[in-house]
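Asks: The listed protein sequences correspond, in order, to chains A and B.
Just so we're aligned: 98 in my numbering is position 98 of the first sequence, and the numbers increase by one with no gaps anywhere.
Here my numbering = 1-based position in the second sequence + 109.
There could be a bad hint or two in this list.
[To be verified] From the derived model, a few chain A residues whose C-beta atoms are all more than 12 Å from chain B: (1) 11; (2) 16; (3) 20; (4) 58; (5) 60; (6) 62; (7) 66; (8) 67; (9) 69; (10) 73; (11) 82.
[What the hints assert, rightly or not] With a Cα cut of at most 30 Å, we get these calculated DSS-like pairs of lysine-lysine: (12) B:162 x B:150; (13) B:147 x A:108; (14) A:54 x B:150; (15) B:128 x B:162; (16) B:145 x B:128; (17) A:54 x B:149; (18) B:118 x B:147; (19) B:149 x A:108; (20) A:108 x B:118; (21) B:145 x B:131; (22) B:118 x B:145; (23) A:108 x B:150; (24) B:118 x B:149; (25) B:150 x B:128; (26) B:118 x B:162; (27) B:118 x B:128; (28) B:127 x B:149; (29) B:131 x B:162.
[To be verified] Partial pick of chain A residues on the chain B-facing surface, computed with a CB cut under 10 Å: (30) 29; (31) 33; (32) 35; (33) 42; (34) 44; (35) 45; (36) 48; (37) 88; (38) 96; (39) 98; (40) 100.
None of these hints come from the bench; they were simulated from the model.
C-beta atoms are modelled at their ideal positions from N, C-alpha and C, and glycine is treated no differently.
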Amino acid sequence: GIQVEQSPPDLILQEGANSTLRCNFSDSVNNLQWFHQNPWGQLINLFYIPSGTKQNGRLSATTVATERYSLLYISSSQTTDSGVYFCAAEANAGNMLTFGGGTRLMVKP
Amino acid sequence: DTEVTQTPKHLVMGMTNKKSLKCEQHMGHRAMYWYKQKAKKPPELMFVYSYEKLSINESVPSRFSPECPNSSLLNLHLHALQPEDSALYLCASSRPSRTGANVLTFGAGSRLTVL
Numbered sequence: 001g002i003q004v005e006q007s008p009p010d011l012i013l014q015e016g017a018n019s020t021l022r023c024n025f026s027d028s029v030n031n032l033q034w035f036h037q038n039p040w041g042q043l044i045n046l047f048y049i050p051s052g053t054k055q056n057g058r059l060s061a062t063t064v065a066t067e068r069y070s071l072l073y074i075s076s077s078q079t080t081d082s083g084v085y086f087c088a089a090e091a092n093a094g095n096m097l098t099f100g101g102g103t104r105l106m107v108k109p
Numbered sequence: 110d111t112e113v114t115q116t117p118k119h120l121v122m123g124m125t126n127k128k129s130l131k132c133e134q135h136m137g138h139r140a141m142y143w144y145k146q147k148a149k150k151p152p153e154l155m156f157v158y159s160y161e162k163l164s165i166n167e168s169v170p171s172r173f174s175p176e177c178p179n180s181s182l183l184n185l186h187l188h189a190l191q192p193e194d195s196a197l198y199l200c201a202s203s204r205p206s207r208t209g210a211n212v213l214t215f216g217a218g219s220r221l222t223v224l
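Put together the whole structure using the sequences plus the hints.
Replies: Below you can see the structure in the form of structure tokens.
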């Protein structure tokens with residue numbers, strides 16, 4: 001099945017800093033989603049982005065499908081951005097979403 | 110607020126108990142999922158229901174028994190669980206994208222502790 005790898009595994013930021021999270025995947029995809037899991041376990045859908053670029057407030061994401069990677073940008077980070085960020089991908093020929101290992105983000109005040 | 114509702118939020122059960130986790134969505138999604146997540150790990154797929162029929166079972170032990178009574182409801186029946194089954198159980202539903210991909214929305218999870 002498809003392999004999904006995220007980097008870095010852990011990230012500590014000072015409030016106000018910017019960051020870039022990376023997701024590499026091993027196969028052509030028809031589905032790429034970014035999620036934020038808050039400290040209570042809720043997985044919040046940030047972006048559905050199998051290709052191209054999207055922005056939502058301080059967050060934006062870009063997927064370069066031909067090179068099999070996606071990036072999540074967080075600008076002007078806030079303490080509420082803390083948590084785990086997961087990307088998940090579904091291969092063109094697949095029927096299930098596979099999660100990467102996550103990036104654990106801590107934003108300090 | 111999530112549009113996928115899971116109950117209970119927390120559950121503590123003994124190894125001989127029978128309990129159920131419940132999941133409900135009213136977004137008209139026709140696919141529903143159970144995931145299991147251990148601490149500091151990504152979610153792992155357990156079951157997928159598509160149009161109320163079980164389409165994927167990821168070799169889950171029979172002590173976990175899913176049920177989809179209708180297109181809005183998904184249950185996970187638990188019986189004779191082991192302490193290692195303690196985890197966060199996440200329910201999701203999905204809508205198809207224009208290309209047919211499954212865009213998932215998750216519930217808040219049910220945190221299960223097996224004593």
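Asks: If you draw a straight line from the CA of residue 118 of chain B to the CA of residue 147 of chain B, is it 30 Å or shorter?
Replies: Within the cut-off at roughly 16 Å; holds.
Asks: Run the C-beta distances from residue 62 of chain A to all of chain B and say if the shortest one exceeds 12 Å.
Replies: 18 Å, holds
Asks: Would you say residue 73 of chain A is clear of chain B, with no C-beta pair closer than or equal to 12 Å?
Replies: Non-interface label on residue 73 of chain A holds, nearest chain B Cβ at 21 Å vs cutoff 12 Å.
Asks: Quick check for students: does the CB of residue 20 of chain A sit more than 12 Å from each CB in chain B?
Replies: Non-interface label on residue 20 of chain A holds, nearest chain B Cβ at 20 Å vs cutoff 12 Å.
Asks: Quick one, are residue 127 of chain B and residue 149 of chain B close enough, alpha carbons at most 30 Å?
Replies: 27 Å, holds
Asks: Can we keep the residue 96 of chain A interface hint, with Cβ of chain B closer than 10 Å?
Replies: 6 Å, holds
Asks: Minimum C-beta separation from residue 60 of chain A to chain B exceeding 12 Å: can you confirm that?
Replies: 18 Å, holds
Asks: Quick check on the hint: residue 98 of chain A CB to chain B CB, less than 10 Å?
Replies: With Cβ-Cβ at 8 Å, under 10 Å, it holds.
Asks: Please work out if residue 149 of chain B and residue 108 of chain A have their alpha carbons no farther apart than 30 Å.
Replies: 20 Å, holds
Asks: With a cut-off of 30 Å on the C-alpha distance, tell me whether residue 108 of chain A and residue 118 of chain B pass.
Replies: 28 Å, holds
Asks: Does residue 11 of chain A clear chain B by more than 12 Å, comparing its Cβ with all Cβ atoms of that chain?
Replies: Residue 11 of chain A is indeed farther than 12 Å from all Cβ atoms of chain B, at 15 Å.
Asks: Residue 35 of chain A was flagged as interface toward chain B. Is the shortest Cβ-Cβ separation under 10 Å?
Replies: The hint holds - residue 35 of chain A has a Cβ within 10 Å of chain B, the shortest such distance being about 7 Å.
Against the hints set out earlier in the document, no violation occurs for any number.
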